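Visitor: Spelled out, the chains give:
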Amino acid sequence: MQTTETKTTYNQPNARGYFGDYGGKFVPEILIPAITALEQEYQKAQNDPEFLREYHELLEEYVGRPTKLTFADKLTAHYGKAKIYLKREDLCHTGAHKINNAIGQILLARRMGKTRIIAETGAGQHGVATATACAKFGMECIVYMGAEDTVRQKLNVDRMQLMGAEVREVTSGSQTLKDATNEAIRDWVTNVEDTFYIIGSVVGPHPYPMMVRNFHRVIGDEAKRQILEKEGRLPDYLVACVGGGSNALGLFYPFMDDDVQIIGVEAAGYGVDSGQTAATITKGTPGILHGSLSYLLHDQNGQIELAHSISAGLDYPGIGPEHSFLHDSGRVQYHAVTDEEAMEAVKLLSQKEGIIPALETAHAFAWLENLMPTTSKDEIVILNLSGRGDKDMKTISENL
Amino acid sequence: MNRITKKFQEKGADEKLMSLFITAGYPDLESTVDLVLGFEKNGADLIELGMPFSDPLADGPTIQYSSDVAIEKGISIDKIMDMVGEIRKHSEIPIILMGYMNPVLRYGVAKFCERAKAVGVDGFILPDIPVEESGLIEHEAAKVDIPIIYLVAPNTSDDRMQLADQKSGGFVYCVSVTGVTGARSGEEVSQSVNTFIERVGKNVTKNPKMVGFGIKSYQDAQQIAEKADGFIVGSALINTIKDVYPQQNWKEHVFEFVHSLKFGK
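Just so you know, the sequences run in chain order D and L. Numbered per numbering that gives the first Met the number 0, the first sequence spans residues 0 to 399. Numbered per numbering that gives the first Met the number 0, the second sequence spans residues 0 to 264.
Same shape as in the complex, but just chain D:
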């Protein structure tokens, strides 16, 4: 029987860069010309076959896409419920999904005639991806990184420097991703004429949240095609970790109009009520930070609170505005897991599948403890394995 009901099509953000009530461009006037020019150039590039060809060719030949969708047979047997597939972003060049976006943005920077690239980084994965892209394209690269993170992620600092990037340690505030982002924005404000700011997540002023999501949608596009090839049907669940939320939206976005349950997993740190958490959706309320309106961790005076997570990449008091919208609308369910639960997941995946996940990614795996018992054997879960754990070996060893 034919239904007359028209299926709603997910179509976010609006022309002003709003996902429902969230997003926008809350930036100093000085940056308005830069983000307006970026918005216009991005619109043009999106419709330019030559831009798209070069982007996809680089993803294929340089990044190593498409990444595999691996059936995790041992992990599936461990839970004895739904089939678990892993989207292998850990196999991307540089070891995480971040490179998809860095390549896209550096192509834009080149189109716009910018020669100086700046970036912020937490775990260092976005910094490494940006340094990599800059080396490949012969551009000057400056990466802002919290002093605490340069210790936690020493290996990534060495990688960036080896590729010719200048890593600027940020010693203000919590010395983590939030403060690195402040410094990167200050640099941008000061050097806006020749500088392109490659933001590493679906955060910041419009058009960044939309643009970064679109550069990562290749993850979900591939996963959809691959699961249809392997199983002949769509999955029942998508699971991904969420800090700023770029790997999650990359996987989720192409499935928005499908009958799929979508789950984002935040970092609870020591626990959502411990006062030392990074669970922005779970514990936060709407506010403005780094150019957009979204859920935030802030005190009753509106001062931003320091986030805590064992994972440097999730240690951020904000979240991309699209996630705030998806939370409010109920399309995506958000949960949080603790540092300890994430560490257990690192061990489990390493031992069952021979894959050491990044600590960020481990948060998504940790939620399987809650999700899997509720599933059945004929169901399918796709989990975004957003990055590999080599960079975290120091932290992992200390916490084993």
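Hint data in this document are derived by calculation from the structure and do not stem from the laboratory. These numbers come from a predicted model, not from an experiment. Please note that a few of the clues may not be correct.
[To be verified] Per label pair, the in silico range of CB-to-CB distance: (1) D:160 with L:161: 43 to 49 Å; (2) D:14 with L:201: 47 to 53 Å; (3) D:134 with L:161: 52 to 58 Å; (4) L:27 with D:299: 49 to 55 Å; (5) L:251 with D:392: 44 to 50 Å; (6) D:299 with L:161: 36 to 42 Å; (7) L:259 with D:15: 44 to 50 Å; (8) D:53 with L:201: 16 to 22 Å; (9) L:238 with D:393: 35 to 41 Å; (10) D:112 with L:201: 27 to 33 Å; (11) L:42 with D:393: 52 to 58 Å; (12) L:10 with D:112: 55 to 61 Å.
For each residue, glycine too, the CB sits at the ideal point set by N, CA and C.
Go by the hints and put chain L onto chain D.
Guide: Only chain L this time, still in chain D's reference frame:
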């Protein structure tokens, strides 16, 4: 009449008005009212009272520092409103609250505007609210008849300057260089700034023009404000306080600096 507008009407033909920015609660909660009253006695024509935010991304290290100190000492919007109320018992100097939107949003936009009106605030400057996002506050501000002062920069287009003029009340804030507050020296900015202010003058016709960013001395101020109605000093004032606080008579040193900014000695 709004105190800012009145102040510009009373201004002498060749006079440059001086607006001073001070972070509320810096260097301590007790000093803010005394400092503002002392600034007025020593030549300040307008006061921009900074509402501290933990992540002031349009500001340089100086204002990040003064904001951190004030937050550490327990500053809040309620305390800032009380400070304005206290100043109003002694002075009619125009007071503009300047700060990032998040603390205002958290406080409640309507409550913020009503409270500001009740204590005698004359304007708002919100550096992370460009005109396209003004919907968050402009209606509530208009209800209590407090103008919003928008910023224009050398890279702002003519169209946007006109829009800023149309939406602003009191004056238009001209950011003399691209950069965070306190980042450049006066010499560096003085050459290009006149060209910029002349262009502002063609587009901003309704409001007076105040120019800021990078002013450290009377000479800087005179050069930079040549084509404007006045100038704004922030970071240099905070740095002066930082140098002398808490020495004995530190306020006297600060007031001397303020006096020299306006009068050259």
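Visitor: Hints first: check each against the structure and report whether it holds.
Guide: Tested hints:
no., hint, in the structure
1, D:160 with L:161: 43 to 49 Å, "holds, 47 Å"
2, D:14 with L:201: 47 to 53 Å, "violated, 30 Å"
3, D:134 with L:161: 52 to 58 Å, "violated, 44 Å"
4, L:27 with D:299: 49 to 55 Å, "violated, 22 Å"
5, L:251 with D:392: 44 to 50 Å, "violated, 58 Å"
6, D:299 with L:161: 36 to 42 Å, "holds, 39 Å"
7, L:259 with D:15: 44 to 50 Å, "holds, 46 Å"
8, D:53 with L:201: 16 to 22 Å, "violated, 42 Å"
9, L:238 with D:393: 35 to 41 Å, "holds, 40 Å"
10, D:112 with L:201: 27 to 33 Å, "holds, 28 Å"
11, L:42 with D:393: 52 to 58 Å, "holds, 57 Å"
12, L:10 with D:112: 55 to 61 Å, "violated, 44 Å"
In terms of the numbered hints stated before, the structure departs from hints 2, 3, 4, 5, 8 and 12, listed from lowest to highest.
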